[in-house]
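S.K.: Sequence:
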Amino acid sequence: MANHKSALKRHRQSLKRRARNRISKTRIKNTVKAVREAIEANDVAQAQEALKAATSILDKAARKKIIHQRQAQRRVARLQTAVNKISA
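For the sequence shown, position 65 (counting from the first letter as 1) is numbered 65 according to the UniProt record's numbering, and the numbering increases by one without interruption.
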């Protein structure tokens, strides 16, 4: 553990950020899982709604640098492709 006042503050900040990032990453996992479950069930309407929510959450996480921007784009593209497959 750090002894300097500034190092202690940095540690407190890192703990707060870690908790915030974990919440966002859990939210990402749950929304992506909802899209995949709708795809497995061949429910086009539900899949499109879930995809819309997942896209929003992934983009927000990328904006806040919780995940990399290209990772967010890649995940959205793959989900979009899967939704389009069941739509056709």
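If you are wondering where the hints come from, they were derived from the structure by calculation, not from laboratory data. Among the hints, erroneous ones may be present.
Simulated pairs of lysine-lysine, DSS-like, Cα-Cα distance not exceeding 27 angstroms [what the hints assert, rightly or not]:
1. K29 with K64
2. K5 with K25
3. K85 with K52
4. K64 with K52
Distance windows between CB atoms, simulated [said to hold, decoys possible]:
5. E40 with K64: 42 to 52 angstroms
6. A2 with K29: 24 to 34 angstroms
7. T81 with A7: 17 to 27 angstroms
8. L8 with S87: 21 to 31 angstroms
9. S6 with E37: 38 to 48 angstroms
10. L8 with N42: 48 to 58 angstroms
11. K52 with R10: 48 to 58 angstroms
12. E37 with K64: 48 to 58 angstroms
13. K5 with D43: 38 to 48 angstroms
14. R78 with H4: 24 to 34 angstroms
15. S87 with K5: 34 to 44 angstroms
16. T26 with R74: 13 to 23 angstroms
17. T81 with L15: 45 to 55 angstroms
In this text, a Cβ means the ideal position worked out from N, Cα and C, and glycines have one as well.
S.K.: State for each hint whether it applies.
M.R.: Hint check:
1. K29 with K64: holds, 17 angstroms
2. K5 with K25: violated, 30 angstroms
3. K85 with K52: holds, 16 angstroms
4. K64 with K52: holds, 19 angstroms
5. E40 with K64: 42 to 52 angstroms: Distance hint for E40, K64 is violated at roughly 30 angstroms.
6. A2 with K29: 24 to 34 angstroms: holds, 32 angstroms
7. T81 with A7: 17 to 27 angstroms: violated, 46 angstroms
8. L8 with S87: 21 to 31 angstroms: Since the Cβ atoms of L8 and S87 sit about 54 angstroms apart, the hinted range of 21 to 31 angstroms is violated.
9. S6 with E37: 38 to 48 angstroms: holds, 47 angstroms
10. L8 with N42: 48 to 58 angstroms: Distance hint for L8, N42 holds at roughly 54 angstroms.
11. K52 with R10: 48 to 58 angstroms: violated, 38 angstroms
12. E37 with K64: 48 to 58 angstroms: Since the Cβ atoms of E37 and K64 sit about 26 angstroms apart, the hinted range of 48 to 58 angstroms is violated.
13. K5 with D43: 38 to 48 angstroms: Taking Cβ atoms as reference, K5 and D43 lie about 55 angstroms apart, which means the hint is violated.
14. R78 with H4: 24 to 34 angstroms: violated, 45 angstroms
15. S87 with K5: 34 to 44 angstroms: Check failed, 58 angstroms falls outside 34 to 44 angstroms.
16. T26 with R74: 13 to 23 angstroms: The hint (13 to 23 angstroms, Cβ to Cβ) holds, given that T26 and R74 are roughly 20 angstroms apart.
17. T81 with L15: 45 to 55 angstroms: Violated: the Cβ-Cβ distance is about 38 angstroms, outside 45 to 55 angstroms.
Taken one by one, the earlier hints fail for this structure at numbers 2, 5, 7, 8, 11, 12, 13, 14, 15, 17, listed in ascending order.
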